[in-house]
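Chemist: Spelled out, the chains give:
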Amino acid sequence: MKQVFVLLATILILMTGCGRNQPLRLGFVGGFTGGASDMSVDARNGAQLAVREINADGGVRKRSLKLVVEDDRHNPFAAVEADIKLVENECVAIIGHLTSAMSLAAVPYINKQEIVMLSPTVSTNSLSGLDDFFFRITSANKTEVKHLAEYLLADTDIRSMGVLYDMQNISYTMDWLNRFEQYFAASPQTRVYSKALIRSSEITPASKLEDLLRQDPDGLLFITSAIDNALLCQHLHKLDQEMPVFACGWAMTEELIKTGGPAVEGLIISHQFNPQSSREAYVAFSKAYKEFYETEPTFAAAYGYEAVRVLATALEADPDPEQLKKTLLEIRRFPGLQNSIIFDEYGDVHRNRVLLQIRDGEYTLLQ
Amino acid sequence: MSGYRSLKSQFLRTFLSLSLLPILLFGIISVWIIQHQFSSQIHKQNTLVVETVEDEVRTLSRTVTDLLVHAGYMAREGSPGMSAELIRDNLETFIRNQRSFSRIYILDREGIIMHAAPEGERFSGMNMSNQEYFTELSPSSAGETYWSSSFISGQTGRPSVAASLVSGNYIVVGFIDLSFLNSIIGTITIDETGFAFITDRKGTLIAYPDRTLVYRQRNIRSLIETEKKLQPIPEARQYTDRSEQRIVSVIKEPHTGWTIGLMQERREAYSTIFFLITILAIAVTITAGLALISAFLNKRRLFTPISDIIEVSRAIAEGRYQRPTPRENTIWELHELAGTIDSMGEAIRRREEALQKSEREYRQLVEDVNSIIIRWDTQLRLTFVNSYARNFFGYSEEELLGHSLAGTLIPSREGSGRDLTRMLEDITVHPHNYLSNENEAQKKNGERVWIQWSNRPIYNEAGELSEILSVGNDRTSHKLIEKQINESLKEKEILLKEIHHRVKNNLQVISSLLNLQATHVRNKNDYELFRESQLRVQSMALIHEQLYQSKDFALIGFGEYIRDLIGFLCDSYNINPKDITFHIHAEGIYFSIDYAIPCALIINELASNAIKHGFPPERLTSAGNTNTIEITVFELEDCYTLTIDDNGVGMPDELDIEDPSSMGLQLVKILAEQLSGSLSFESNHDGTMATITLPKTEESNQ
Chain V
3 MKQVFVLLAT
13 ILILMTGCGR
23 NQPLRLGFVG
33 GFTGGASDMS
43 VDARNGAQLA
53 VREINADGGV
63 RKRSLKLVVE
73 DDRHNPFAAV
83 EADIKLVENE
93 CVAIIGHLTS
103 AMSLAAVPYI
113 NKQEIVMLSP
123 TVSTNSLSGL
133 DDFFFRITSA
143 NKTEVKHLAE
153 YLLADTDIRS
163 MGVLYDMQNI
173 SYTMDWLNRF
183 EQYFAASPQT
193 RVYSKALIRS
203 SEITPASKLE
213 DLLRQDPDGL
223 LFITSAIDNA
233 LLCQHLHKLD
243 QEMPVFACGW
253 AMTEELIKTG
263 GPAVEGLIIS
273 HQFNPQSSRE
283 AYVAFSKAYK
293 EFYETEPTFA
303 AAYGYEAVRV
313 LATALEADPD
323 PEQLKKTLLE
333 IRRFPGLQNS
343 IIFDEYGDVH
353 RNRVLLQIRD
363 GEYTLLQ
Chain X
7 MSGYRSLKSQ
17 FLRTFLSLSL
27 LPILLFGIIS
37 VWIIQHQFSS
47 QIHKQNTLVV
57 ETVEDEVRTL
67 SRTVTDLLVH
77 AGYMAREGSP
87 GMSAELIRDN
97 LETFIRNQRS
107 FSRIYILDRE
117 GIIMHAAPEG
127 ERFSGMNMSN
137 QEYFTELSPS
147 SAGETYWSSS
157 FISGQTGRPS
167 VAASLVSGNY
177 IVVGFIDLSF
187 LNSIIGTITI
197 DETGFAFITD
207 RKGTLIAYPD
217 RTLVYRQRNI
227 RSLIETEKKL
237 QPIPEARQYT
247 DRSEQRIVSV
257 IKEPHTGWTI
267 GLMQERREAY
277 STIFFLITIL
287 AIAVTITAGL
297 ALISAFLNKR
307 RLFTPISDII
317 EVSRAIAEGR
327 YQRPTPRENT
337 IWELHELAGT
347 IDSMGEAIRR
357 REEALQKSER
367 EYRQLVEDVN
377 SIIIRWDTQL
387 RLTFVNSYAR
397 NFFGYSEEEL
407 LGHSLAGTLI
417 PSREGSGRDL
427 TRMLEDITVH
437 PHNYLSNENE
447 AQKKNGERVW
457 IQWSNRPIYN
467 EAGELSEILS
477 VGNDRTSHKL
487 IEKQINESLK
497 EKEILLKEIH
507 HRVKNNLQVI
517 SSLLNLQATH
527 VRNKNDYELF
537 RESQLRVQSM
547 ALIHEQLYQS
557 KDFALIGFGE
567 YIRDLIGFLC
577 DSYNINPKDI
587 TFHIHAEGIY
597 FSIDYAIPCA
607 LIINELASNA
617 IKHGFPPERL
627 TSAGNTNTIE
637 ITVFELEDCY
647 TLTIDDNGVG
657 MPDELDIEDP
667 SSMGLQLVKI
677 LAEQLSGSLS
687 FESNHDGTMA
697 TITLPKTEES
707 NQ
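Taken in order, these protein sequences are the chains called V and X.
The first sequence maps to residues 3 to 369 in my numbering.
The second sequence maps to residues 7 to 708 in my numbering.
Hint data in this document are derived by calculation from the structure and do not stem from the laboratory.
Note that the structure is predicted; figures quoted are calculated from it, not measured.
Just so it is clear, CB atoms sit at the ideal spot from N, CA and C, and this is done for glycine as well.
Be a bit skeptical, because a hint or two may be false.
[To be verified] Examples of chain V residues lying across from chain X (beta carbon under 10 Å, computed):
| hint | residue |
| --- | --- |
| 1 | S39 |
| 2 | S42 |
| 3 | R46 |
| 4 | R54 |
| 5 | L69 |
| 6 | V71 |
| 7 | D73 |
| 8 | Y185 |
| 9 | A208 |
| 10 | H239 |
| 11 | K240 |
| 12 | G263 |
| 13 | V266 |
| 14 | R355 |
Let the sequences and hints guide you as you build the complete structure.
Modeler: Structural data, given as structure tokens:
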């Protein structure tokens, strides 16, 4: 009879199946509405890839991860609504937002809820040095601006710069502009001419560009999204104006090269992401990403991937979401795809920067 | 029990192999067939649906190609004569009329926008050579439309694709708002959870019931995790996600490169299968349950009575007789078996009682019999001693059983010095040499006794000697009497010997007296008379000499006696052995003294006559004669025949045998008559043969 009991028990176990843990929910919020959604799409894709890999390896403490995605529609009110939805959805942390304006709108809410928000791309200085629940993978843009400004002053003859900046992400672009003016226009020999780009306006970006060109700057700096940057370059190209063009890190996507075409050749960006990195972790990630999405990974994709990995590492160490901020700050140092991610006591990071130039349709190292 | 399989175990194996396993196998095979059949049916049904959507997409593809061709035609035809503005106007009119395109670019071979609508002025001159719709379009692929990856249009904010086509020296690019695709898939629903979707060539959703996923450019691969990479081909395929919650049927539309798919909750798609499997599982479970109940009932009907029977059998084997517990609802054969075992047990009980009674009686017999009965093994250890033996030897049972026979009942050495321990050991080796045996034994008080033993070997099942059964009787008194008789006999023998010796001596004295007397006789005839008398006395003395010298005082070896007598006669008559040859044949003839003395006198007379008268001196001295006297004694069935045959000169004719004058022959005749015998003579020139026939009497050889 012993054998019969064993047989019946086995059948019963097979029939009922083993209990499964509920998945661990990670919120992801980005701007998926409108033409400037490419960065959000890329970051979401990178995060999704990390979730798949972690789940394939057994999850976090044997619990699978689930990415819950919300759209902030590039609207501060919608951003908070999206965060509320994610909190209600019992997400243990939120990855996002992708733009500074949305993050600035969201931070008061997430501080109140005491839920960790880890942004892959936000670099506004307004969120630096605060003991809050906001963490980020990207270093504050002051380092980017300073890096570019120092290059301009040290290695070029450019002393006057025409700047076009996006009004939709004004917290980022204005901060960028202010920092740039602070670093670049500090001396009397240098000058910055700036124009705001209002998408809803009847005035096309081309007219703003032409207005700027009339100031006869030595170079042009576009603090805009990739698509706007590309179209501005195309227009500049059409105007047959040959001058050095610079862009902010926000624009560094494939869309910039695709839409910009030969018009963006020679464009220079200061960034912490090196698309030509040969680091083993990055090469593996790049291969997996291309295999899955059939396209090259962008910095947003890489940072989205890193954000999930950082949170998974912390949750593996201590799965209590209420202790997540403490855990992140205790661990502090996390492995990144191209270099380590080291949080300071405020959840900000400092990562090495490189100057990239578009050559032959690719981002290449300038230095 | 090791090595034997129990009936219960065998029953369990049989039950598993003949009942449970077939039921389970039937269930598994049925599930497999149902699943296989229905999966195939679901696949076919889903394939039909996705092929229907694929048809719609193909139609769209053809329409778009036609429109791009038309737009290219407009640009080509218009170029030579028309202004750029007019071409843009025409293109804008074209866009408004056909409503498929949200924007059209006419590029040159370098990728520079020649004409664009709307906002043609803004875009013309821009270089689009890095765009996918330009880089991926083969210049030689005239007439074939390339469909780019989808993107969210900066102009409309909606999902769009660019379709490009080589048209002469131009490349016509049309931007298509894909929102309308939702109206195509919106009409397709299967049950409650089945819906269609479309992705671009990279798997990015371009039509999906949840439009937010389209706007967020979700990749279908991130929505469903399949074991194999979701890789659509122009032939419909079916996948199941890793969690097995949904099934996906996909097909690739070759012109657009789009994937048309159908997704449905597996639970719903397979609801019929699940239902059938549930019914089957219930049926299998009920059947298996019934089989288990049947097995349980069989167990009660089979094993409980069998256990009873085993227990009763074991009790019988251990000598505890008990009746089997009567069981209702058992099977007939076991009921019969229980009955048979009951009868068998009863029979055994009776036999056992009879056996015990017989054994008691036997034991009583053995115990009470006036003989010593013991059993002892090959190590000389006593295994049984009856009460007579114990009483006889003065030992208790405990003092004997298990102890060696040697040193207890049997002393190590007999009074005569015989090694009795060795004899006992020899009995265990050669028991058949000691079937009857007599030896000294010893009581506990040290008294020696003589026991006559009858020994019987007892063999075990292997045919090896295990024990000796010895039955002994006390022979001590017999031995004493025997000794006394022997001693008495010995005394008599000595006495008889002495008598014979004295008789012989006396006869010799008489012979010597006669001899002495003969020396004073002057007459030769008288002298001969004395001499013959002396020889007769001497012949009788010889008999007594023979008797006292022999071991047996009763019988005389007559052959030996005749030889001694002849030797004596020859000496007396001075006969040279060379002159007369004696042949004596009387071996094996023994006479008692009463018979021997007359016979000796007869032979003495006849042999003396033959010597004296048969062979006169001249005959003895003449050469060429062989003088023989042959004395033969035959033993026939009822008589002895004594012949004295010589080849002498024969008896004188005047001798009357019937009335002889000589004392010798008279004596012979008297002695023959005394012995109730007959006497006859045959005589001629060749000799004389005297034959005396003497009947056997009780005295002749006793």
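Chemist: All hints are to be evaluated individually against the structure, with a verdict given for each.
Modeler: Quick rundown of the hints versus the structure:
no.	hint	in the structure
1	S39	holds, 5 Å
2	S42	holds, 8 Å
3	R46	holds, 7 Å
4	R54	holds, 7 Å
5	L69	holds, 8 Å
6	V71	holds, 6 Å
7	D73	holds, 6 Å
8	Y185	violated, 31 Å
9	A208	holds, 6 Å
10	H239	holds, 6 Å
11	K240	holds, 4 Å
12	G263	holds, 4 Å
13	V266	holds, 8 Å
14	R355	violated, 26 Å
Checked against the numbered hints given earlier, this structure breaks hints 8, 14; the rest are met.
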